[in-house]
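**Q** Chain by chain, the residues:
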Amino acid sequence: MRNNITLRRWLYRLSTITIGVAATSATMLGLVNEVHSTEEPYSTWPITALTVLDALQRYSLPLFIFLAIVIAIAAVIRSFGDPWVWEKLQFILDEYQAKAFHQRCNEPNHHHRVTLFRYKKVCFRSRHCTGTLLKPWGKHSPFSGWLVPALRSGHTSQHTKAIFLAPDNGDEAEGVAGQAWTSKSAVVLNDLPRVRKGGLVRDVRDYAKVTQCPIKMVQQYVTSDRKLPLSIAATPVEVNGKLWGVVVLDSRAADGVSDESVLNYQLTVALIGQLLEKAA
Amino acid sequence: MNDTWNEVSQKEINRPKSSSKQGVKVKILISPLDVPSASRIDVGDDASEFIIEFKYLSGTEPKLTIPHEDGVTFSIGKNSGKIYKVTLTKSHFRTSDSYKIDLSEVLRVAKSEISEYGQTPRRRMPVRIGNIAAIQNVLNGQMTQPNYSFC
Numbered sequence: 001m002r003n004n005i006t007l008r009r010w011l012y013r014l015s016t017i018t019i020g021v022a023a024t025s026a027t028m029l030g031l032v033n034e035v036h037s038t039e040e041p042y043s044t045w046p047i048t049a050l051t052v053l054d055a056l057q058r059y060s061l062p063l064f065i066f067l068a069i070v071i072a073i074a075a076v077i078r079s080f081g082d083p084w085v086w087e088k089l090q091f092i093l094d095e096y097q098a099k100a101f102h103q104r105c106n107e108p109n110h111h112h113r114v115t116l117f118r119y120k121k122v123c124f125r126s127r128h129c130t131g132t133l134l135k136p137w138g139k140h141s142p143f144s145g146w147l148v149p150a151l152r153s154g155h156t157s158q159h160t161k162a163i164f165l166a167p168d169n170g171d172e173a174e175g176v177a178g179q180a181w182t183s184k185s186a187v188v189l190n191d192l193p194r195v196r197k198g199g200l201v202r203d204v205r206d207y208a209k210v211t212q213c214p215i216k217m218v219q220q221y222v223t224s225d226r227k228l229p230l231s232i233a234a235t236p237v238e239v240n241g242k243l244w245g246v247v248v249l250d251s252r253a254a255d256g257v258s259d260e261s262v263l264n265y266q267l268t269v270a271l272i273g274q275l276l277e278k279a280a
Numbered sequence: 001m002n003d004t005w006n007e008v009s010q011k012e013i014n015r016p017k018s019s020s021k022q023g024v025k026v027k028i029l030i031s032p033l034d035v036p037s038a039s040r041i042d043v044g045d046d047a048s049e050f051i052i053e054f055k056y057l058s059g060t061e062p063k064l065t066i067p068h069e070d071g072v073t074f075s076i077g078k079n080s081g082k083i084y085k086v087t088l089t090k091s092h093f094r095t096s097d098s099y100k101i102d103l104s105e106v107l108r109v110a111k112s113e114i115s116e117y118g119q120t121p122r123r124r125m126p127v128r129i130g131n132i133a134a135i136q137n138v139l140n141g142q143m144t145q146p147n148y149s150f151c
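Line by line, the protein sequences are chains A and B. In this text, residue positions in the first sequence follow my numbering: the first is 1, and each later residue adds one. In this text, residue positions in the second sequence follow my numbering: the first is 1, and each later residue adds one.
These aren't lab readings, by the way, just hints derived from the structure by calculation. Nothing here was measured: the structure is a model prediction, and the numbers come from that model. Keep in mind that a hint or two might mislead.
As the list claims (entries may be wrong) - Distance windows between CB atoms, simulated:
(1) B:Lys55 to A:Ile215: 43 to 49 Å
(2) A:Asn4 to B:Gly44: 53 to 59 Å
(3) B:Thr73 to A:Arg104: 37 to 43 Å
(4) A:Arg196 to B:Thr73: 56 to 62 Å
(5) A:Phe124 to B:Asp46: 55 to 61 Å
(6) B:Gly118 to A:Ala253: 34 to 40 Å
(7) B:Met143 to A:Arg196: 48 to 54 Å
(8) A:Lys135 to B:Glu7: 49 to 55 Å
(9) A:Asn4 to B:Lys11: 36 to 42 Å
(10) A:Phe143 to B:Ile129: 38 to 44 Å
(11) A:Thr16 to B:Trp5: 50 to 56 Å
(12) A:Arg104 to B:Lys55: 31 to 37 Å
(13) B:Val43 to A:Thr160: 51 to 57 Å
(14) B:Lys17 to A:Arg125: 35 to 41 Å
Note that the Cβ used here is the ideal one computed from N, Cα and C, for glycine as well.
Using the sequences plus the hints, can you model the full thing?
**A** Below, the structure written as structure tokens:
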């Protein structure tokens with residue numbers, strides 16, 4: 001998830017300045033190397049200036065290498081995308097959540113959430129429910145294709161690590177997010193089985209089957225006494241006409257989402273796609 | 001040139017398909033981004049062709065012109081495979097004695113050509129099933145609208 005927005009903003013600004021300064025320094029260094037301090041008019045310069053000139057020329061190669069490394073690091077930081085875009089995306093998700101769940105505005109935000117998942121062909125970092133400490137991606141290859149959480153509405157439950165398999169073989173796609181991704185359609189589920197700790201095993205199985213989640217994932221939620229959503233909707237997000245990811249709405253109310261939660265927000269999802277053109 | 005775009009109602013075009021799985025109601029909808037936000041029909045500058053155009057909310061992308069059978073040309077989104085334009089030459093409608101063509105005939109032919117296009121396998125150009133279904137629904141809706149703007 002895209003957290004630490006202040007740090008990200010600061011790093012982005014620093015990297016922008018760094019690239020400018022480093023590129024100017026490299027150009028200046030190139031010019032300094034053309035100077036012959038024994039010839040006119042440079043030979044008449046103050047001795048301190050000539051000493052500095054001489055030192056710069058002597059260490060120009062390591063200086064060039066240093067500047068190249070600095071530019072490369074700054075470019076990598078910039079490649080993560082402009083934090084401004086992510087701030088606006090956060091705003092849009094918050095507004096989407098507020099409007100789509102406006103009838104439940106008195107309930108905590110994290111009971112009714114909007115999450116943006118991004119498709120990643122390769123994912124080493126996030127932990128799948130079948131994963132272990134040494135093999136966080138679990139029984140599937142990290143190159144299988146994954147839907148990874150990128151941003152979530154509200155300020156709570158931001159530390160989710162739930163990822164869903166979205167492989168080339170669509171039958172193996174996990175979760176409602178995976179179903180929407182595979183079918184390139186919007187999917188809406190209501191009245192999901194109520195699964196609680198100490199409840200029926202059949203409910204866990206049914207929940208997993210309907211949502212296409214691994215049973216282990218549902219069990220992990222139940223064991224840790226976390227509430228599972230009772231209604232879920234997912235709709236694809238496109239960037240420049242290409243499928244980028246999925247927006248998922250989930251609610252603890254059985255009728256929390258409906259087809260209108262998707263159809264009435266076509267413009268919102270399109271806008272998310274437009275902004276993502278400028279993000280990483 | 002017809003500059004008037006006719007707005008497409010998402011709710012009318014994108015009706016959910018409901019089913020039940022383990023007693024849970026499952027609704028599948030065409031991705032809202034596959035449904036055109038507007039459409040228009042026009043005749044070409046030299047009045048030799050009919051052009052049906054679709055506009056989408058999902059932004060701009062490069063387009064490819066793909067000639068199809070019977071003098072039909074499709075303008076397809078390079079990345080998405082969405083249909084942006086269908087061009088039907090008037091010769092497509094030639095009858096033995098005249099060029100008398102009504103709008104519903106144009107829409108009917110366009111619908112059938114789009115359906116044919118959707119079933120033609122292409123190696124590099126993806127076919128968006130949802131987009132084709134949405135466009136078919138849009139054309140169906142227009143066939144029942146006698147006052148559809150057409151110049």
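**Q** Could you run down the list of hints and mark each one as holding or not?
**A** Going down the list of hints, with the structure as the test:
1. Taken as a hint, the range 43 to 49 Å holds for the pair B:Lys55 and A:Ile215, whose Cβ atoms sit roughly 44 Å apart.
2. Here the CB-CB span from A:Asn4 to B:Gly44 is close to 56 Å, well matched to the stated 53 to 59 Å.
3. Distance hint check for B:Thr73 and A:Arg104: the Cβ-Cβ separation is about 50 Å, which falls outside the suggested range of 37 to 43 Å.
4. One distance hint, 56 to 62 Å for the beta-carbon pair A:Arg196 and B:Thr73, holds here, with the actual separation near 58 Å.
5. At about 59 Å, the beta-carbon gap between A:Phe124 and B:Asp46 stays in the expected band of 55 to 61 Å.
6. For the pair B:Gly118 and A:Ala253, the beta carbons lie near 38 Å from each other, so the given range of 34 to 40 Å is met.
7. The hinted range of 48 to 54 Å is satisfied by B:Met143 and A:Arg196, whose Cβ atoms lie roughly 52 Å apart.
8. At about 52 Å, the beta-carbon gap between A:Lys135 and B:Glu7 stays in the expected band of 49 to 55 Å.
9. Between A:Asn4 and B:Lys11 the Cβ separation comes to about 40 Å, which falls inside the hinted range of 36 to 42 Å.
10. Between A:Phe143 and B:Ile129 the Cβ separation comes to about 27 Å, which falls outside the hinted range of 38 to 44 Å.
11. Between A:Thr16 and B:Trp5 the beta carbon distance is about 40 Å. The supplied range of 50 to 56 Å is therefore violated.
12. Look at A:Arg104 against B:Lys55: about 34 Å separates their beta carbons, and that is inside 31 to 37 Å.
13. For the pair B:Val43 and A:Thr160, the beta carbons lie near 54 Å from each other, so the given range of 51 to 57 Å is met.
14. Under the hint 35 to 41 Å, the C-beta atoms of B:Lys17 and A:Arg125, about 37 Å apart, fit the expected range.
Hint check: violations occur at hints 3, 10, 11; the rest are consistent with the structure.
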